[in-house]
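Please model the entire structure based on the sequences and the hints provided.
Number of protein chains: 4
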Amino acid sequence: MANSRFEYVKSFEQPDVLLPNTWIVVRIDGRGFHKLSDHYAFAKPNDRRALDLMNAAAVEVMKELPDLCIAYGVSDEFSFVFHPNCQLFERRNGKLVTTIVSTFTAHYIYNWSEFFPERPLLPPYLPSFDGRAVIYPNNRILRDYMSWRQVDCHINNLYNTTFWTMVLQGGMSNTDAEQELKGTVSADKNEILFKRFGINYNNELEIYKKGTVLYRQYELEEPKPTKAPADEESPVIESQQSRSQQDKIRKLRRKAQVVIDHVDIIKDEFWEKRPWILSGNPGKLPA
Amino acid sequence: MANSRFEYVKSFEQPDVLLPNTWIVVRIDGRGFHKLSDHYAFAKPNDRRALDLMNAAAVEVMKELPDLCIAYGVSDEFSFVFHPNCQLFERRNGKLVTTIVSTFTAHYIYNWSEFFPERPLLPPYLPSFDGRAVIYPNNRILRDYMSWRQVDCHINNLYNTTFWTMVLQGGMSNTDAEQELKGTVSADKNEILFKRFGINYNNELEIYKKGTVLYRQYELEEPKPTKAPADEESPVIESQQSRSQQDKIRKLRRKAQVVIDHVDIIKDEFWEKRPWILSGNPGKLPA
Amino acid sequence: MANSRFEYVKSFEQPDVLLPNTWIVVRIDGRGFHKLSDHYAFAKPNDRRALDLMNAAAVEVMKELPDLCIAYGVSDEFSFVFHPNCQLFERRNGKLVTTIVSTFTAHYIYNWSEFFPERPLLPPYLPSFDGRAVIYPNNRILRDYMSWRQVDCHINNLYNTTFWTMVLQGGMSNTDAEQELKGTVSADKNEILFKRFGINYNNELEIYKKGTVLYRQYELEEPKPTKAPADEESPVIESQQSRSQQDKIRKLRRKAQVVIDHVDIIKDEFWEKRPWILSGNPGKLPA
Amino acid sequence: MANSRFEYVKSFEQPDVLLPNTWIVVRIDGRGFHKLSDHYAFAKPNDRRALDLMNAAAVEVMKELPDLCIAYGVSDEFSFVFHPNCQLFERRNGKLVTTIVSTFTAHYIYNWSEFFPERPLLPPYLPSFDGRAVIYPNNRILRDYMSWRQVDCHINNLYNTTFWTMVLQGGMSNTDAEQELKGTVSADKNEILFKRFGINYNNELEIYKKGTVLYRQYELEEPKPTKAPADEESPVIESQQSRSQQDKIRKLRRKAQVVIDHVDIIKDEFWEKRPWILSGNPGKLPA
Numbered sequence: 001m002a003n004s005r006f007e008y009v010k011s012f013e014q015p016d017v018l019l020p021n022t023w024i025v026v027r028i029d030g031r032g033f034h035k036l037s038d039h040y041a042f043a044k045p046n047d048r049r050a051l052d053l054m055n056a057a058a059v060e061v062m063k064e065l066p067d068l069c070i071a072y073g074v075s076d077e078f079s080f081v082f083h084p085n086c087q088l089f090e091r092r093n094g095k096l097v098t099t100i101v102s103t104f105t106a107h108y109i110y111n112w113s114e115f116f117p118e119r120p121l122l123p124p125y126l127p128s129f130d131g132r133a134v135i136y137p138n139n140r141i142l143r144d145y146m147s148w149r150q151v152d153c154h155i156n157n158l159y160n161t162t163f164w165t166m167v168l169q170g171g172m173s174n175t176d177a178e179q180e181l182k183g184t185v186s187a188d189k190n191e192i193l194f195k196r197f198g199i200n201y202n203n204e205l206e207i208y209k210k211g212t213v214l215y216r217q218y219e220l221e222e223p224k225p226t227k228a229p230a231d232e233e234s235p236v237i238e239s240q241q242s243r244s245q246q247d248k249i250r251k252l253r254r255k256a257q258v259v260i261d262h263v264d265i266i267k268d269e270f271w272e273k274r275p276w277i278l279s280g281n282p283g284k285l286p287a
Numbered sequence: 001m002a003n004s005r006f007e008y009v010k011s012f013e014q015p016d017v018l019l020p021n022t023w024i025v026v027r028i029d030g031r032g033f034h035k036l037s038d039h040y041a042f043a044k045p046n047d048r049r050a051l052d053l054m055n056a057a058a059v060e061v062m063k064e065l066p067d068l069c070i071a072y073g074v075s076d077e078f079s080f081v082f083h084p085n086c087q088l089f090e091r092r093n094g095k096l097v098t099t100i101v102s103t104f105t106a107h108y109i110y111n112w113s114e115f116f117p118e119r120p121l122l123p124p125y126l127p128s129f130d131g132r133a134v135i136y137p138n139n140r141i142l143r144d145y146m147s148w149r150q151v152d153c154h155i156n157n158l159y160n161t162t163f164w165t166m167v168l169q170g171g172m173s174n175t176d177a178e179q180e181l182k183g184t185v186s187a188d189k190n191e192i193l194f195k196r197f198g199i200n201y202n203n204e205l206e207i208y209k210k211g212t213v214l215y216r217q218y219e220l221e222e223p224k225p226t227k228a229p230a231d232e233e234s235p236v237i238e239s240q241q242s243r244s245q246q247d248k249i250r251k252l253r254r255k256a257q258v259v260i261d262h263v264d265i266i267k268d269e270f271w272e273k274r275p276w277i278l279s280g281n282p283g284k285l286p287a
Numbered sequence: 001m002a003n004s005r006f007e008y009v010k011s012f013e014q015p016d017v018l019l020p021n022t023w024i025v026v027r028i029d030g031r032g033f034h035k036l037s038d039h040y041a042f043a044k045p046n047d048r049r050a051l052d053l054m055n056a057a058a059v060e061v062m063k064e065l066p067d068l069c070i071a072y073g074v075s076d077e078f079s080f081v082f083h084p085n086c087q088l089f090e091r092r093n094g095k096l097v098t099t100i101v102s103t104f105t106a107h108y109i110y111n112w113s114e115f116f117p118e119r120p121l122l123p124p125y126l127p128s129f130d131g132r133a134v135i136y137p138n139n140r141i142l143r144d145y146m147s148w149r150q151v152d153c154h155i156n157n158l159y160n161t162t163f164w165t166m167v168l169q170g171g172m173s174n175t176d177a178e179q180e181l182k183g184t185v186s187a188d189k190n191e192i193l194f195k196r197f198g199i200n201y202n203n204e205l206e207i208y209k210k211g212t213v214l215y216r217q218y219e220l221e222e223p224k225p226t227k228a229p230a231d232e233e234s235p236v237i238e239s240q241q242s243r244s245q246q247d248k249i250r251k252l253r254r255k256a257q258v259v260i261d262h263v264d265i266i267k268d269e270f271w272e273k274r275p276w277i278l279s280g281n282p283g284k285l286p287a
Numbered sequence: 001m002a003n004s005r006f007e008y009v010k011s012f013e014q015p016d017v018l019l020p021n022t023w024i025v026v027r028i029d030g031r032g033f034h035k036l037s038d039h040y041a042f043a044k045p046n047d048r049r050a051l052d053l054m055n056a057a058a059v060e061v062m063k064e065l066p067d068l069c070i071a072y073g074v075s076d077e078f079s080f081v082f083h084p085n086c087q088l089f090e091r092r093n094g095k096l097v098t099t100i101v102s103t104f105t106a107h108y109i110y111n112w113s114e115f116f117p118e119r120p121l122l123p124p125y126l127p128s129f130d131g132r133a134v135i136y137p138n139n140r141i142l143r144d145y146m147s148w149r150q151v152d153c154h155i156n157n158l159y160n161t162t163f164w165t166m167v168l169q170g171g172m173s174n175t176d177a178e179q180e181l182k183g184t185v186s187a188d189k190n191e192i193l194f195k196r197f198g199i200n201y202n203n204e205l206e207i208y209k210k211g212t213v214l215y216r217q218y219e220l221e222e223p224k225p226t227k228a229p230a231d232e233e234s235p236v237i238e239s240q241q242s243r244s245q246q247d248k249i250r251k252l253r254r255k256a257q258v259v260i261d262h263v264d265i266i267k268d269e270f271w272e273k274r275p276w277i278l279s280g281n282p283g284k285l286p287a
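Protein chains in written order, with full-length UniProt numbering: chain A, 1 to 287; chain B, 1 to 287; chain C, 1 to 287; chain D, 1 to 287.
Because the hints were derived from the structure by calculation, they are not lab data.
Among the clues, some could well be false.
The list treats identical chains as interchangeable, and a pair is accepted whether it falls inside one copy or across any two copies.
Distance condition first, Cα-Cα at most 20 angstroms in a straight line; then the derived DMTMM-like pairs of lysine to aspartate or glutamate [claimed, not checked]:
1) LYS95 to ASP29
2) LYS10 to ASP29
3) LYS273 to ASP152
4) LYS10 to GLU90
5) LYS273 to GLU191
6) LYS95 to ASP16
7) LYS95 to GLU13
Here you go:
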């Protein structure tokens, strides 16, 4: 065919398949959201509508990609997690990341007007997101990744809550507030909030303190005595799972509801009650 | 800080910097557009509004990323090209690809209602795109890449035009039309169009036959006697360009208008008259 | 300095760090050993001196690189295994592989005359080896890799033993022997050996049937009731191990003797009695 | 076959094919040669026998791999260069690098006794080498790489010659000589050599000042007026060269003698007179 003279350029495409049997985390981040949040006048330190919009878009991503087993969001970032036995797009890095970034963006833009009816989008201030994939070799490290993000959420939220309270309620300049907070530890910030403003940080909304975790809802299980974790017990020889098995599991996942939760994901309890997240095997649908 | 116990997970992020001094092409593709074009009743074989929407979104991408020097679109795909001396995002693969995919998606969704006022978007049928970056080591190969896409456009459009004319005007079934076209060459298809339907393929719209090329408009130049191409003449030691130089060039690029063209990009003429595309040096702004 | 004009070429070097917390296997293979073994008249189906030379070179590699925790050899290949917490050369792929390939080659060439005193090396027939690194995310898969090589050893050795017995003792042509063996299973080959030649395959030397496993010798331990495997129990945050700790462990490893063994490494027993291999923690030196 | 249960581990091997149409440079370096050169009492600042041994081993590598078009060596390092149209081992990074490192090591060890008859090798002091591959997108940058190494050779040799003359002839301590040379430029070092020791640096051996360049010898050509460089003129669609063509070219290359030269490779002259190096097309064999 006439095309063939140029087709050799395809040979420059390089494979980017992610290592088998590892957790894949795709984390997306808002691009230039500092400027954007000013432009659309997001509330400080947290804008509930903006977070709800992030969560709404993320739920749609979870629905469209049943291979995702959990997601965690805070501020303008969201981490989407594929199980080690995931075979979606043959585990091609670029395909996985761009699909998530694009799907998320589409829903974020589409749903904007529902969450910000009085602040219509106006180019050139259209929100967009970048993203990356990182792989983690076992459950422990995947959980440490999730903990890292939730600790980050806590640290940033405590800081931001204190800072903006000092500025908005205390009438301090940004610079003065920043200066005073330099070098303080958590206890100091709690004290500033409580003593000066009568605010008990513990009473802040869970969505601000814990961020948002999304997962498919099955019947909760009683934690069992610890046993060898799934990825050691039996090698998940995923490439040998038949396509029909994979399709069946995908259908089961689609049936489960995606829930929006704001709970501790650092301690064991969350994971022990929801063993389907780490095992990758769908649980029992609630009656 | 309390965070540090988990921060080690950052060490699992792997670098993905693209080889210096090579052309970077980011090609994006519509996900599941076959189904989508049915759902929103795109016209066959070409839907002008859909193409115009693709082009509108691509123009916005060009405007937001002045480092882009040319882009080429056909059907539901678009290729965006960064010059070998581009340093944007330190040439990180994931960052470049996801930024383009997300920005494109945002504008595509945002502009949809302007181009399809009578067909509002409705989840779960939200358009989205995936993408990939490929690098090409020299001008010749970059041009062969562009030629490859334009030849592909021609081949597909001739096929689709003939096929849909046979079906829509000739009343053939899809299967019969497909069967008859099997093994035909260009001349055969031209003849079918002309003899049976009185259609001269040459008179079809250029946007359908040639696809769309986007670039920044400077004053056209007279082709000069061939000389050593830019990437050989002087090694573009891009990392040694100062930031202020890069910023200056970026500003010059922002001033140029992004034009939408439907012309041959396979022959030399296009490139010789617009030397700024391959050289990476902004030309003279039109009066 | 005058040098700087050209130094930008260093920016083309790309990082190749292997994912943290994964097993690294470097497998090397003899290049063109089929031809080479003819030239130096290796005995068929196994040449004991050639295997002993392979093992001698591999022992030297183990001694020079205390980070190696186990190695397995068969025919003209050898697999060297680094523990998930290995930080040698910052886990750079190229550095790890070339160091092993070169060190192995050096000792192989140097020791040749000791094992083949009557067959001096003569260029252009100098032995050389290529190699590659592969990473495995957990203990189970690492053990499956090792099992894969040992099963391969068994399959090939049974075939070769039968083939060469048919040729050398049975007077068959290579082609006839090959033809007869086509499609046979293990039992068939055992029967041919036993019925036609009175050979009980089980009595063949262990080094031929099992290949060679190298490891550092500490006091064997009694298998304990299964517990959570090391890589789950505590995340090996290797980058946080201090240099001095790493150096101390390295010294302990150097003190242990490297043993040459020909035993089953597929079953659990081998690994349970030598827990230091999978844990990465040196055991107790024998009195 | 019984093997299949474990064979899935092969899926963890990741491709490492180098970008097509780019120069491949494999640079190898002696491991721990500082200590090694002390142990075997290499002469300071240059040991002629050690350099001759490096060159002898490198010549053998060039002979064994006709795909190599040029090599450059200095001190204990050697750079081997494959042409952009090289298809050897499908351009697999690991295979190319380990083959060169191992072949070089084999010949270095094998030839040692010829160059150092009075200093037999003795483990654990066996020489070994590590290596890496780097790709360069065009002729200009490849030449800049070569220039970088030769400038490095010059800078180091001038320093070392001055330093060791001050120590060995001038009776200075290492520390004092190092101290005095700190911050000096080339002219200063030339003056120290000339004024204090009557040494004209220009009269030093070319092998020390220029390093060693290896290439296949064809009839020298007269430099032609500059024309578009090979990699632009015609896209080298290497994958479309037939195997038989590649084999033919390989045979032609084997016939050419590999010469050992110590000349300037920074200026154009070297490359213009030997156009076969950059073009990849064998020249005319000398009568």
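Against the structure, the hints come out as follows:
Proximity of LYS95 and ASP29 under a CA criterion of 20 angstroms is satisfied in both settings, with 17 angstroms inside one chain copy and 10 angstroms between copies. In the homo-oligomer, the alpha carbons of LYS10 and ASP29 lie at most 20 angstroms apart only across protomers (15 angstroms), although the nearest pairing inside one protomer, at 31 angstroms, exceeds that limit. When the C-alpha separation of LYS273 and ASP152 is checked against a cutoff of 20 angstroms, the pair qualifies neither within a copy, at 24 angstroms, nor between copies, at 43 angstroms. For a Cα distance limit of 20 angstroms, the shortest separation of LYS10 from GLU90 qualifies both inside one copy, at 19 angstroms, and across copies, at 15 angstroms.
For the homomeric pair LYS273 and GLU191, neither the shortest alpha-carbon distance inside one copy (35 angstroms) nor that between copies (55 angstroms) is at most 20 angstroms. Proximity of LYS95 and ASP16 under a CA criterion of 20 angstroms is satisfied in both settings, with 9 angstroms inside one chain copy and 15 angstroms between copies. In this assembly of identical chains, LYS95 and GLU13 lie within 20 angstroms of each other by CA distance both inside one copy and across copies; the values are 13 angstroms within and 18 angstroms between.
In summary, the numbered hints that this structure violates are 3, 5.
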